[in-house]
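We have chain A; now place chain B onto it with these hints.
Chains A and B supply the protein sequences, listed in that same order. Taking the working numbering, the leading residue of the first sequence gets 1, the next gets one more, and so forth. Taking the working numbering, the leading residue of the second sequence gets 1001, the next gets one more, and so forth.
Source of the hints: derived by calculation from the structure; they are not laboratory data. Take the hints with a grain of salt, since some may be wrong.
So these bits of chain A aren't anywhere near chain B, every CB distance computed over 10 Å [what the hints assert, rightly or not]:
#	residue
1	A46
2	S140
3	R145
4	P148
5	Q154
6	F185
7	R215
8	A217
9	A227
10	G239
11	A243
12	H255
Taking lysine to any residue and the SDA-like style, the derived pairs with C-alpha atoms no more than 20 Å apart in a straight line are [claimed, not checked]:
#	chain 1	residue 1	chain 2	residue 2
13	A	K29	B	E1017
14	A	K9	B	G1068
15	A	K9	B	M1001
16	B	K1114	B	G1009
17	A	K184	B	T1126
18	A	K42	A	F157
19	A	K29	B	M1001
20	A	K9	B	D1015
21	A	K29	B	M1020
22	A	K42	B	E1017
23	B	K1002	A	S4
24	A	K174	A	E220
25	A	K42	B	M1020
26	B	K1114	A	E82
27	B	K1002	A	R10
28	A	K9	B	T1013
29	A	K29	B	D1018
30	A	K9	B	M1020
31	A	K9	A	G56
32	A	K184	B	E1129
33	B	K1002	A	I2
34	B	K1002	A	E49
Using N, Cα and C, we set each Cβ at its ideal position, and we do this for glycine too.
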Amino acid sequence: MIPSSFTYKRASSAEEACDLAAEYGEDAKYLAGGHSLLPLMKLRLAAPEVIIDLGGLRDLSYVTDQGSHIAIGALTRHHDVEHSDLLARELPLLAHAAGQVGDPQIRHRGTIGGSVAHADPASDLPAVLLALDATLVARSAGGTREIPIGEFFQSLFETVLEPGELLTEIRVPKPAAAGWSFQKFTQRAIDWAIVGVAVQGNQVALVNMGGTPLRAAAVEAALAGGASPADAAARAAEGTSAASDIRATREYREHLARVLVSRALTESASRA
Amino acid sequence: MKVDLTVNGKEITADVEDRMLLVHFLRDVADLTATNIGCDTTSCGACTVLLDGESVKSCTVLAAQASGREVTTVEGLAGDGTMHPVQQAFHEQHGLQCGFCTPGMVMAIVSLLKENPHPTEEQVRTGLEGNLCRCTGYHNIVRAALAASEVSS
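The following block holds chain A by itself, in its conformation from the complex:
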């Protein structure tokens, strides 16, 4: 399968990338690791006229300790997130979950920023970053802004990023509560999650339970009210809008959400 024709541009800096995006407007798409966009292009579900390759922006690949938060460059690959000593120490949930994305070859190419900007509700890292209350930094020709991740995802594959806006950094506050867990249910090894759950302390987020990654608000409210993990987990499907598809019915996903949240809360408590 071959994508439809496009013009390839390689940016050598974030500034140049934003300038190119401003020049080509809505015909252009940023390409990071390409492991979400290129498959869509090969299926002709996406057909941008201009591709702006961000692969040369090595200065957007980093993980640094900023005191109250960890800063992660948007082009940091899943492989590098998985193997970061700093993340293993400070954000083990994120390091572990990055190691569960796809397979080793995919983790050698895919980036954290690309995964978040692509906004597939079945992706692992958007929900993990939602559970961690991350803040996203976006740059455009007009300047830079910070976006709380809770306001970032709009609907399936849709975010508040404006055309041409480039995600440059992900800031994750150091968690107040140490316990964490990541649960992912798949039929085959490298499948997308049918349902996934990310837990950090009493913060719980769900993979693939709606058009966007979701916080399990009813579970969190129950935990805050003193409910047991089992009673809280029973409310995992409240407020969700899971789809029925070839892999699972909505009812099955709701059942999985309750089971996986229960497992996640138990595992998280064992690590607290």
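Leaving out everything else, chain B in the frame of chain A:
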């Protein structure tokens, strides 16, 4: 557009379509046909090659993205008529049946052993999650990876 790749140590400059995939560049431009196109959807791993020493699925990389970088295919492993330890281990452990997945399997294992020279069996199995064998010959493939890791110790 003009791309300039180093493939198995040899520099190849070519004028290709912007949309050309790396796997097509390797097979059709570099004339290196060991790398197979299997699923063409980033799932099966038959097209696995090394990009700057790390395993990638070449059906999901543009030739343009690899321009200026080093690519290694299975043809680039053996030197002076001597098989690479992973190739030798596949031979000795009967790590292939039909052989279609083998180039990708070998390259995935070369990358795996570079990152983790002494993996456990479980680490080999999870490390090969991105490679499918249509003969389901996984046991001997895993044995080959473990045998190769012992040779390199």
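query = When the hints from earlier in the document are held up against this structure, which numbers fail?
reply = none
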